[in-house]
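Engineer: Sequence:
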Amino acid sequence: MAKFFIERPIFAWVITIFIIVMGAISIAKLPIAQYP
Numbered sequence: 000m001a002k003f004f005i006e007r008p009i010f011a012w013v014i015t016i017f018i019i020v021m022g023a024i025s026i027a028k029l030p031i032a033q034y035p
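Per numbering that gives the first Met the number 0, the very first residue in the sequence shown carries number 0; after that it's consecutive.
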């Protein structure tokens with residue numbers, strides 16, 4: 000699996016950015032009451 004991403008760094012960056020964007024959207028959708 001690691002070799003796949005080493006040979007295709009652009010594909011790895013696309014997946015990384017996608018995960019970051021999804022995380023940012025989910026954090027933005029959390030209601031304030033859920034923060035400690």
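The hints are simulated quantities; they were obtained by calculation from the structure and are not laboratory data.
Every residue, glycine too, gets a C-beta built ideally from N, C-alpha and C.
A couple of the hints might just be wrong.
What the hints assert, rightly or not - Derived DEER-like restraints, expressed as beta-carbon distance ranges:
{"hint": "1", "residue 1": "10", "residue 2": "32", "range": "36 to 42 angstroms"}
{"hint": "2", "residue 1": "0", "residue 2": "26", "range": "32 to 38 angstroms"}
{"hint": "3", "residue 1": "30", "residue 2": "4", "range": "33 to 39 angstroms"}
{"hint": "4", "residue 1": "30", "residue 2": "9", "range": "32 to 38 angstroms"}
{"hint": "5", "residue 1": "2", "residue 2": "31", "range": "40 to 46 angstroms"}
{"hint": "6", "residue 1": "21", "residue 2": "1", "range": "35 to 41 angstroms"}
{"hint": "7", "residue 1": "28", "residue 2": "0", "range": "17 to 23 angstroms"}
{"hint": "8", "residue 1": "3", "residue 2": "31", "range": "26 to 32 angstroms"}
{"hint": "9", "residue 1": "1", "residue 2": "24", "range": "25 to 31 angstroms"}
Engineer: Take the hints in turn and mark each one as holding or not.
Structural biologist: Going through the hints against the structure:
no.	hint	in the structure
1	10 - 32: 36 to 42 angstroms	38 angstroms, holds
2	0 - 26: 32 to 38 angstroms	27 angstroms, violated
3	30 - 4: 33 to 39 angstroms	35 angstroms, holds
4	30 - 9: 32 to 38 angstroms	36 angstroms, holds
5	2 - 31: 40 to 46 angstroms	44 angstroms, holds
6	21 - 1: 35 to 41 angstroms	22 angstroms, violated
7	28 - 0: 17 to 23 angstroms	30 angstroms, violated
8	3 - 31: 26 to 32 angstroms	40 angstroms, violated
9	1 - 24: 25 to 31 angstroms	28 angstroms, holds
The structure is inconsistent with the numbered hints 2, 6, 7, 8, although it conforms to all the rest.
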